[in-house]
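2 protein chains.
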Amino acid sequence: MDRVVRLGLLGCGTVGGGVATILAREADDITARTGAKLEIARVAVRDTTKDRGLGLPPEAFTSDPSEVVEANDVDVIVEVMGGRDRAGDLIRRALELGKPVVTANKELVAHEGPELYAAARAAGVDLAYEAAVAGAIPIIKPMKESLAGDHIDRVVGILNGTTNYILTRMSEEGAAYEDVLSDAQALGYAEADPTADVGGGDAAAKCAILASLAFDTSVYADDVFTAGIDSVTEVDIRVADRLGYVIKLLGIASVVDGRVAVRVHPAFLPKTHPLASVRGSFNAIFVQARAAGELMFYGPGAGAEPTGSAVVGDVIDVARNLMQTARGAAESQHRPMPIRPIEDLSTQYYVLLDVEDEAGVLAQVATVFGDHDVSIAQVWQEGHGDSAQLVLITHRAREGDLRATVDSLGATPCVRSVASVLRVEAEVFDS
Amino acid sequence: MDRVVRLGLLGCGTVGGGVATILAREADDITARTGAKLEIARVAVRDTTKDRGLGLPPEAFTSDPSEVVEANDVDVIVEVMGGRDRAGDLIRRALELGKPVVTANKELVAHEGPELYAAARAAGVDLAYEAAVAGAIPIIKPMKESLAGDHIDRVVGILNGTTNYILTRMSEEGAAYEDVLSDAQALGYAEADPTADVGGGDAAAKCAILASLAFDTSVYADDVFTAGIDSVTEVDIRVADRLGYVIKLLGIASVVDGRVAVRVHPAFLPKTHPLASVRGSFNAIFVQARAAGELMFYGPGAGAEPTGSAVVGDVIDVARNLMQTARGAAESQHRPMPIRPIEDLSTQYYVLLDVEDEAGVLAQVATVFGDHDVSIAQVWQEGHGDSAQLVLITHRAREGDLRATVDSLGATPCVRSVASVLRVEAEVFDS
Numbered sequence: 158m159d160r161v162v163r164l165g166l167l168g169c170g171t172v173g174g175g176v177a178t179i180l181a182r183e184a185d186d187i188t189a190r191t192g193a194k195l196e197i198a199r200v201a202v203r204d205t206t207k208d209r210g211l212g213l214p215p216e217a218f219t220s221d222p223s224e225v226v227e228a229n230d231v232d233v234i235v236e237v238m239g240g241r242d243r244a245g246d247l248i249r250r251a252l253e254l255g256k257p258v259v260t261a262n263k264e265l266v267a268h269e270g271p272e273l274y275a276a277a278r279a280a281g282v283d284l285a286y287e288a289a290v291a292g293a294i295p296i297i298k299p300m301k302e303s304l305a306g307d308h309i310d311r312v313v314g315i316l317n318g319t320t321n322y323i324l325t326r327m328s329e330e331g332a333a334y335e336d337v338l339s340d341a342q343a344l345g346y347a348e349a350d351p352t353a354d355v356g357g358g359d360a361a362a363k364c365a366i367l368a369s370l371a372f373d374t375s376v377y378a379d380d381v382f383t384a385g386i387d388s389v390t391e392v393d394i395r396v397a398d399r400l401g402y403v404i405k406l407l408g409i410a411s412v413v414d415g416r417v418a419v420r421v422h423p424a425f426l427p428k429t430h431p432l433a434s435v436r437g438s439f440n441a442i443f444v445q446a447r448a449a450g451e452l453m454f455y456g457p458g459a460g461a462e463p464t465g466s467a468v469v470g471d472v473i474d475v476a477r478n479l480m481q482t483a484r485g486a487a488e489s490q491h492r493p494m495p496i497r498p499i500e501d502l503s504t505q506y507y508v509l510l511d512v513e514d515e516a517g518v519l520a521q522v523a524t525v526f527g528d529h530d531v532s533i534a535q536v537w538q539e540g541h542g543d544s545a546q547l548v549l550i551t552h553r554a555r556e557g558d559l560r561a562t563v564d565s566l567g568a569t570p571c572v573r574s575v576a577s578v579l580r581v582e583a584e585v586f587d588s
Numbered sequence: 158m159d160r161v162v163r164l165g166l167l168g169c170g171t172v173g174g175g176v177a178t179i180l181a182r183e184a185d186d187i188t189a190r191t192g193a194k195l196e197i198a199r200v201a202v203r204d205t206t207k208d209r210g211l212g213l214p215p216e217a218f219t220s221d222p223s224e225v226v227e228a229n230d231v232d233v234i235v236e237v238m239g240g241r242d243r244a245g246d247l248i249r250r251a252l253e254l255g256k257p258v259v260t261a262n263k264e265l266v267a268h269e270g271p272e273l274y275a276a277a278r279a280a281g282v283d284l285a286y287e288a289a290v291a292g293a294i295p296i297i298k299p300m301k302e303s304l305a306g307d308h309i310d311r312v313v314g315i316l317n318g319t320t321n322y323i324l325t326r327m328s329e330e331g332a333a334y335e336d337v338l339s340d341a342q343a344l345g346y347a348e349a350d351p352t353a354d355v356g357g358g359d360a361a362a363k364c365a366i367l368a369s370l371a372f373d374t375s376v377y378a379d380d381v382f383t384a385g386i387d388s389v390t391e392v393d394i395r396v397a398d399r400l401g402y403v404i405k406l407l408g409i410a411s412v413v414d415g416r417v418a419v420r421v422h423p424a425f426l427p428k429t430h431p432l433a434s435v436r437g438s439f440n441a442i443f444v445q446a447r448a449a450g451e452l453m454f455y456g457p458g459a460g461a462e463p464t465g466s467a468v469v470g471d472v473i474d475v476a477r478n479l480m481q482t483a484r485g486a487a488e489s490q491h492r493p494m495p496i497r498p499i500e501d502l503s504t505q506y507y508v509l510l511d512v513e514d515e516a517g518v519l520a521q522v523a524t525v526f527g528d529h530d531v532s533i534a535q536v537w538q539e540g541h542g543d544s545a546q547l548v549l550i551t552h553r554a555r556e557g558d559l560r561a562t563v564d565s566l567g568a569t570p571c572v573r574s575v576a577s578v579l580r581v582e583a584e585v586f587d588s
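If you read the sequences in order, they're chains W and E. Heads up: the first sequence begins at 158 in the working numbering, then just goes up one per residue. Heads up: the second sequence begins at 158 in the working numbering, then just goes up one per residue.
Heads up, a few of these hints could be off.
Put simply, identical chains are the same to the list, so a pair is met inside one copy or across any two.
Stated by the list, open to error - In silico lysine to aspartate or glutamate, EDC-like type, Cα no more than 20 angstroms apart, as pairs:
{"no.": "1", "residue 1": "K301", "residue 2": "D185"}
{"no.": "2", "residue 1": "K428", "residue 2": "D230"}
{"no.": "3", "residue 1": "K194", "residue 2": "D373"}
{"no.": "4", "residue 1": "K301", "residue 2": "D186"}
{"no.": "5", "residue 1": "K207", "residue 2": "E253"}
{"no.": "6", "residue 1": "K428", "residue 2": "E330"}
{"no.": "7", "residue 1": "K428", "residue 2": "E329"}
{"no.": "8", "residue 1": "K207", "residue 2": "D242"}
{"no.": "9", "residue 1": "K207", "residue 2": "E391"}
What the hints contain is simulated information worked out from the structure, not anything from laboratory work.
Just chain W, with the same shape it has in the complex (with noise of 0.2 angstroms):
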């Protein structure tokens, strides 16, 4: 006779949802897989008296989260509530109750995640949590198993759904980004409040907990540089495609000199590059690695099935795992390394300024840029008349000495105002 491991759900909202219609669907499959039966044995929700469908008696529900994770009815713990105090401290309980926990909370896992991963370890418990990160997309796993015998170099991600929807649409349409937003928190693609997303923080957390993993060092989200999509006009799209570009939000991670350089950022890029091709509310991870190479991860990065598909594939294994009273691939914390400031990037740039329409301009700005030490590579002139632009794309050069250059520029007189200054990412991005 087939075993039973006995879930507890904290939470049963939008990816609980997700988890509890794929685990009966899937039932039998997921049993012949397992060796076992998985049984949603107990669910933590904040109204008991809505029916979920979920086939369980009223006794099944509480409003009480620590009860599910307390209860000797329960194996295996999945916490899908969100919010970080509460689950961070409900979380660490079961680890320390021997319970290995699923999670697929990426604000939590973003800001304590080290911690968390140093609690596993100690009670030798499974904390799994392959749904943070890109919702459907294999990446926590193939990262910390599959290339496990590698060294990662770079992790080049598209990390936010919404911010690459409006981003295509505006790449595609030439729309403007007031109105591609209003229309996505039209459709549900985009909330009432946007900012978690077009402000950058939703990937910044992302691509911290990406960086940990990466580099086997601690990256909370608050390391991570931010800057949103908010700024990017339809012109600066119709800059990069000229130039062979594409325009993304990009989250990017690597390791120079001993410090981890980790930015999440609107970015030119190359048209070439396999993330370039990432069009909609697809997520991509790109990982570049010593012997691996160029390797790409690519799906949705969000919605309940999605996600709810990543919890269950880390429940099957941590049931897995515990019925064997085995543990799975553990985090490395061992290589502390210091976070390098954003003035320390070495990139090229893009720069939009409005000017006056007169004789001797681009000579003044020219030698605005040549007395920062940036040098410039390309430059021409947009528009005429009234709303005469210039656009310059820089040699690669410091971050502060770019932002030296801009500070100059705005108090120049020839100088409008500086309209856009976005990185510019060629194939082989920092160093």
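Starting from the known structure of chain W, fit chain E onto it as the hints suggest.
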């Protein structure tokens, strides 16, 4: 003190060399991540006198692979010697002895995979073969573990780097097949005898392995309908381009009406499909899963270090399990299914005909298609005068009917020859 897991290498050619390089170079990280030192204890090679720079004493080398398998000081067998019979016997013996096996042997797994999985299951020992499909790309583990809770509907892969390199150059440079092939041979991208690559056999082997895994059933290399790229011409590529397609050698596996449909052939693929932008010698596997949606895994499909990276990842996995006397995920073969004959395929087709330049040709040709229940979606004349060609794109039709059509066309007086027939895979593949 760290534990030591002792490896026995069967073979030390290209892949074996890559494995040894990686184990030495990443030794510290591998130890930290595994909780064990991975040590090459014994190596079976044809020529034991050659110095392989592994820093091993001469007595570690033997020309008899059985010695390595039987040795008491070998914990894990790494089979990178290739070939079928001998390698299969050695792997079966290792499993019998309770020694986990990591193999990169695509040919063996494609022909005897299900029997080997059963042997591993019976012995309760791990058998890992990530490196047998698509080199560095993590695909076996994601399909077997990350998607264990999901239902895979379809796998579509670019599974051979040589043919993708040739097709990419033909497409981007308008070059002829023969010219690019000689070039590829000169550059070492293609073998002197390129049959296994350009004939589709190599891709078919990988496709069989993926189909078994995707559908929990037994699929062998010989079950795969296979056609190569040697008949693809510049005209085909140009027509595809004009219609919004690229030509790729695809491995396609799905389950239709309880039968496994599995095939490798060149096909028209829409330029908007994620696989269409896979250029050069890269591989990629597109997986459509019920809950996860559309996933894609991209990377180098061959090479000493890319393949070595996959082998070492597997070694770390089985070593971790071995130390815990646990087993990793096993293959499920619980769903026996027949193979669907290619005649039952339903898809669109592109047909290129050399025809007489005379009135009434189209009517005659259209009649032949109509007689066989194949309906024409688009038709036009290419070229003129002596070299008149007719291009036809059909609606979805049964392969058996299309073949009968082509036979009849060959016997139609106004048709000089059937120059090309290629399948057209729209966004939604066959049904």
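**OP:** Please work out whether the CA atoms of K428 and E329 approach to 20 angstroms or closer within one copy, between two copies, in both situations, or in neither?
**Re:** both (13 angstroms within a copy, 15 angstroms between copies)
Original post:
Can you tell me if K301 and D186 fall within 20 angstroms by alpha carbon in one copy, between copies, both or neither?
Top reply: between (26 angstroms within a copy, 12 angstroms between copies)
**OP:** Classify it for me, K428 with D230: is the Cα-Cα distance of at most 20 angstroms met within a copy, between copies, both or neither?
**Re:** The answer is neither: 54 angstroms in one copy and 52 angstroms across copies each exceed 20 angstroms.
**OP:** Using 20 angstroms as the alpha carbon limit, work out where K194 and D373 are close: within a copy, between copies, both or neither.
**Re:** Answer is between; shortest inter-copy Cα gap is 17 angstroms, intra-copy 34 angstroms.
Original post:
When no copy is specified for K207 and E391, does a C-alpha distance of 20 angstroms or less occur within a copy, between copies, both, or neither?
Top reply: Neither way: K207 and E391 sit 46 angstroms apart in one copy and 63 angstroms across, limit 20 angstroms.
Original post:
Between K301 and D185, at a C-alpha cutoff of 20 angstroms, which is it: within one copy, between copies, both, or neither?
Top reply: between (28 angstroms within a copy, 16 angstroms between copies)
Original post:
Under a CA distance limit of 20 angstroms, which applies to K207 and D242: within one copy, between copies, both, or neither?
Top reply: Neither, since 25 angstroms and 61 angstroms both go past 20 angstroms.
**OP:** Using 20 angstroms as the alpha carbon limit, work out where K207 and E253 are close: within a copy, between copies, both or neither.
**Re:** neither (31 angstroms within a copy, 54 angstroms between copies)
**OP:** Measure nothing new, just compare the shortest in-copy and cross-copy C-alpha distances for K428 and E330 to 20 angstroms and report within, between, both or neither.
**Re:** Both: 17 angstroms inside a copy, 18 angstroms across copies.
Going through the hint list in order, the structure does not satisfy hints 2, 5, 8 and 9.
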